[in-house]
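Student: Next come the chains, spelled out residue by residue.
Number of protein chains: 2
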Amino acid sequence: MTQAKVRKGEMSRARLLQAAASEFAAKGYHRTRVSDIVRQAGLTQAAFYLYFESKELLYQELMDRFFKKLWELSDAGRKVTPLKSHEVQSRLKENLLDLFRFFMEMPELTTIVLTQTEGEDLHRRLAGIVADNLRRNQEAGHVKANLSVEVTAESIVAMLYRLTIRYLLTGEKTAEQLADEAVALLAGGMLQS
Amino acid sequence: MTQAKVRKGEMSRARLLQAAASEFAAKGYHRTRVSDIVRQAGLTQAAFYLYFESKELLYQELMDRFFKKLWELSDAGRKVTPLKSHEVQSRLKENLLDLFRFFMEMPELTTIVLTQTEGEDLHRRLAGIVADNLRRNQEAGHVKANLSVEVTAESIVAMLYRLTIRYLLTGEKTAEQLADEAVALLAGGMLQS
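Respectively, the protein sequence lines represent chains A and B. Quick note: the first sequence, position 178, residue 178 per full-length UniProt numbering, numbers continuous. Quick note: the second sequence, position 136, residue 136 per full-length UniProt numbering, numbers continuous.
Chain A extracted, bound-state conformation:
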């Protein structure tokens, strides 16, 4: 194949992935047919099967990419541990901003993952990753010693889920606004001391 043909093939493949993400988010996995995906992508059923063996395998590829990035972002608390204490809050904000920006780059997959997939397992796995980093950051003196890391991790995950669904995916707040407002609450709490 020529370079131009390879590039065209990659573009068609990317269009199918994008179209599928949008259809899955709108209708759910089971109600989405290959015909819906190709119509949305402006391609033919034959083109679909040139790039993907089945709807199942396309879905799996979308999810694998999404989760690879999600695990990386949920582990970002790791970057806080070696910092000096005055750098911690702005790093925490950067971490939230990276997460919210990733969700906004892939709003369809974010909707699927936060609302349609196996909620309890995902929530526990994310909270587990966050808890490990909180523990390290508690030992490093960044996170308050009197907090339960498990309860804090579960609370953070629940809060980020909800703020994403309520404000980010609805377009009511930008990633920057939301990261600012969430970090103010998380870092310093709500009561005037």
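Bear in mind the hints are in silico, worked out from the structure with no lab data behind them. All the pointers check out, no bait thrown in.
Identical chains blur together in the list; that is why a pair holds if it fits in one copy or across any two.
Quick list of in silico lysine-lysine cross-link-like pairs, DSS-like style, CA-CA up to 30 Å:
| # | residue 1 | residue 2 |
| --- | --- | --- |
| 1 | LYS84 | LYS144 |
| 2 | LYS79 | LYS144 |
| 3 | LYS93 | LYS144 |
Use these hints to put chain B onto chain A, whose structure you have.
Tutor: For chain B alone, kept in the frame of chain A given last:
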């Protein structure tokens, strides 16, 4: 009717309500039949229709009772406003404790409401009540002036939902433990200042 008969009737009615709550929580509203409820209550189908016109009306009664109390408890932030600042944190803890204790008194209905009913509407309504009280408490100088009351309210509701499902209903933590741990995070945040 004699007093004894009235009392017996009230007990049967209460047993049916309790049995129904437990069946609804386990199977969902639609898959629960009147025959499941009476079997669980150790009563007859005829007894059921002595006290309730239908499964629908029994369910409505359970929900009305539950929500009456839930609105009252979600509005408890109101009690904080007139306090002196050193009393605020312990009142906040009492409020969370009242809420968690109520959930533990009615674990079946709590499960139904937090996981099976119209999630988005309920979440928004609860967050609205909490936001109103946060606004008053911000004006009173109890809640930090730099916080978004809407984001804080949504975060609080999401966190309390999750901690209830994850730790309280599973029996992993008592209402007291959870109120202590949640208030430490909410009041003062997670970062060492």
